[in-house]
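Using the sequences plus the hints, can you model the full thing?
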Amino acid sequence: MEARFTVRQVSSLGPDIHRIVIDAPRVARHARPGQFVIVRPTSDGERIPLTVCETDPASGTITLVVQGVGRSTDDLLSLGEHDHVADVLGPLGLPTEVDRFGPCAIVAGGVGAAIALPVARAWKEAGNAIVGILGARSASHLILVDELMATCDEVHLMTEDGSTGGAGLVTDALVTVLQEQSIARVFVVGPIAMMRAVADLTRSAGVPTVASLNPLMVDGTGMCGGCRVTIGGQTRFACVDGPEFDAHLVDFGALAMRNTAYRTFEACQRDLIKAAPHDETAS
Amino acid sequence: MTELSKRDRMRMERTPVPLRDPVDRVKDFDEVSLGYASGLAVLEASRCLNCTRQVCVDGCPVGVRIGDFIQLVADGDFPGAAAVIHEDNVLPSVCGRVCPQEVQCEGACVLGKKGKPIAIGYLERFVADEERRNAISASVVIAPPTGKRVAVIGSGPAGLSCAGDLVKLGHRVVVYEALHELGGVLAYGIPAFRLPKDIVRAEIGALERQGVEFETDVLIGPGMTLRDLLATEGFDAVFIGTGAGLPRFPGVPGEELIGVYSANEFLTRVNLMAAYDPDARTPVYDLVGRPTVVIGGGNTAIDAARTALRLGADRVTLLYRRSETELPARHEEVEHAREEGVHMRFLVSPIAFLGEEGWLRSVTVERMMLGEPDASGRARPEPIPGAVEDIRADVAIIAIGNAPNPVLTRATPSLDTSGAGTITVDLTTGETSIPGVFAGGDITTGGATVIRALGAGRRAAAGIDQWLASQTS
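Going line by line, the protein sequences match chains Z and L.
Going by my numbering, the first sequence opens with residue 1, and the numbers climb by one from there.
Going by my numbering, the second sequence opens with residue 1, and the numbers climb by one from there.
Please keep in mind that the hints were generated in silico from the structure rather than gathered at the bench.
Where a beta carbon is used, it is the ideal one built from N, C-alpha and C, also for glycine.
Careful: at least some of the hints might be erroneous.
[As the list claims (entries may be wrong)] Per label pair, the in silico range of CB-to-CB distance:
| id | chain 1 | residue 1 | chain 2 | residue 2 | range |
| --- | --- | --- | --- | --- | --- |
| 1 | Z | 125 | L | 390 | 50 to 58 angstroms |
| 2 | Z | 138 | L | 357 | 30 to 38 angstroms |
| 3 | Z | 139 | L | 357 | 45 to 53 angstroms |
| 4 | L | 21 | Z | 15 | 40 to 48 angstroms |
| 5 | Z | 234 | L | 49 | 34 to 42 angstroms |
| 6 | L | 21 | Z | 234 | 44 to 52 angstroms |
[Said to hold, decoys possible] Away from chain L, derived, C-beta distances all over 12 angstroms, residues of chain Z:
| id | residue |
| --- | --- |
| 7 | 38 |
| 8 | 88 |
| 9 | 94 |
| 10 | 129 |
| 11 | 193 |
| 12 | 246 |
Written out as structure tokens, the structure reads:
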């Protein structure tokens, strides 16, 4: 088969975090905010779900943000310009609901910023004021800050070590924002514990909240049921019913548990496991 | 061979097919059945009574001229036999292996009334394998180009058979497949020990040589839509063969536990992603020494059970809610599974999965008894009050069927569907509620068999051909 999916540009956004621009004309033409792709680095590789961060229909390219968290994502980090990947399938999943909601908050942890950016842009374009809250372990792990600053009406940066912005968690900033402003809707993406904390906060504040979930996935087309999540007591498939769900109905405990299924396998596959803020490892 | 009398033929025993020893075969994923060599094939074919009215053909959903090809095998004209089969069946080496012959062609065979029916499946497989071994392809007549283009969505059995017929009629055909590998359920679902993957690739290769174009990594629905295919991609008609790919779960507590798999996920990891290979990038749980249960009684359940054995599971038990008589799986596969050591428990149904720290440890089942026949005509299983027990299991594989894949239908509101999510079609032509759009296979019927999908693909190809002709005039 001809090389259809050629890497056009690679840049580093942070420690083991790359921004990869890749040829995928069909995806570029059709993808909407919130949708994702499945990438297979090599013809014997794993199928890795990744959110589409940006699209350029004119040049037929899409932008992916990849964090190395395991053997397969490491394969993606080793890609250089003019390399190609075996497969890119997408867009997959349901697009983000976009409407004129009123003032919105977009809360992102770690590489979740790559998922939050297209949503922030779409909600802004629909006429909503946007408060961005971006958190990470430290300053070097904050990504796409300029892009979010350019999109949002205000941006709060939070780092756990205080190396940039406020010291603490995104929820600390969100508490203040919810106290000071009337927020109509919240979008949250990041580590499961963070999404759960945000959901708990907005539930008590009565603010509708959408969470973008990251369960393990194989095919991404509804076929395997591996990505099933429990939403309001019902089994749903993140690949075809999501990946976004009402955060107040998500069983985050079950999601966190299921995502550990192949930890031992992954540990064997990689000399070193790195704690991942937004673990997008397919397994 | 000297001419045998009808009585001689009826006295002959059915020729058994050589099988690998169960002790060896459970250690790998190589094919279990070795198939007939030419001598055995000719011997078996010579049993055929060559009935004037071939009832076996009525039992075949694609109408292969069974008596004719078997006579050619008996005469030793294997290429001739292949040519006859190819007229009606695009996947003979697949069908020879996976069709439920006992309820189709062989079920109708006159020899079966007193003795054992002729082994039509083994003979079909022999003819197709012989053709591939000798690298001869039956000459397929392709009509002159019509200038019409047809898109086929899904490269499973329905799509392949539709594409195969359309290309013979002179239409240009592009098959879109969402996964990275072609074949649909033949690639991700049916294990290699029953259907080696190089056979699937060879059958698809033959279609490619006939002019069918294939494109992987394309999912119609969330990106490119049905409308795009007709409006901007320049297709004159579309066939939808997206299958019943959405696994059903029983909806009982604990099904989110780690260790609970859908059969689709389990088999996809092993077949499509080659998880049986320790070097594969995609993992499957380490089953070595782990008690495993499979819930269901169809071919997929049997496939999952035998796959689990090959991955080293400690004890594999099939749990089926009706009795052995109602088992829907092919008889041969059930026998093979037993020989290999799959345990079977009948009249039990899961009511909960129990775990420790997120990992499955046991399945609670209730015992059932058979009541009145239900809508399917089979006795309805009903729980026996208070008859509940726990079965130890680290892995539970759920094979209770699949719902139609919703991706395309959700993105296409104008496509009429039934309450169950299947696409509504004209049963003769396969046409849907959208002019020029046809469908067939599991997406229109719910989970069925490879051969039924092939039949539906053929009918739709004829329907599409007619429709294209009506558009020109």
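Against the structure, the hints:
The hinted range of 50 to 58 angstroms is satisfied by residue 125 of chain Z and residue 390 of chain L, whose Cβ atoms lie roughly 55 angstroms apart. For residue 138 of chain Z and residue 357 of chain L, the hinted distance range of 30 to 38 angstroms is satisfied, since their beta carbons lie about 31 angstroms from each other. Between residue 139 of chain Z and residue 357 of chain L the beta carbon distance is about 36 angstroms. The supplied range of 45 to 53 angstroms is therefore violated. Hint check: residue 21 of chain L to residue 15 of chain Z, Cβ distance near 54 angstroms, so the stated range 40 to 48 angstroms is violated.
At about 57 angstroms, the beta-carbon gap between residue 234 of chain Z and residue 49 of chain L misses the expected band of 34 to 42 angstroms. The hinted range of 44 to 52 angstroms is satisfied by residue 21 of chain L and residue 234 of chain Z, whose Cβ atoms lie roughly 47 angstroms apart. With a cut of 12 angstroms on Cβ distances, residue 38 of chain Z falls inside the contact zone with chain L, its closest approach being about 9 angstroms. Once the 12 angstroms rule is applied to beta carbons, residue 88 of chain Z is inconsistent with being away from chain L; the minimum gap is 6 angstroms.
Taking the minimum C-beta to C-beta distance to chain L, about 7 angstroms, the non-interface status of residue 94 of chain Z is violated against the 12 angstroms cut. Distance check for residue 129 of chain Z against chain L: the nearest CB is about 29 angstroms away, which clears 12 angstroms, and the non-interface claim stands. Every CB of chain L lies more than 12 angstroms from the CB of residue 193 of chain Z, the least distance being 16 angstroms, so the non-interface label holds. No beta-carbon of chain L is positioned within 12 angstroms of the beta-carbon of residue 246 of chain Z; the least distance is around 18 angstroms.
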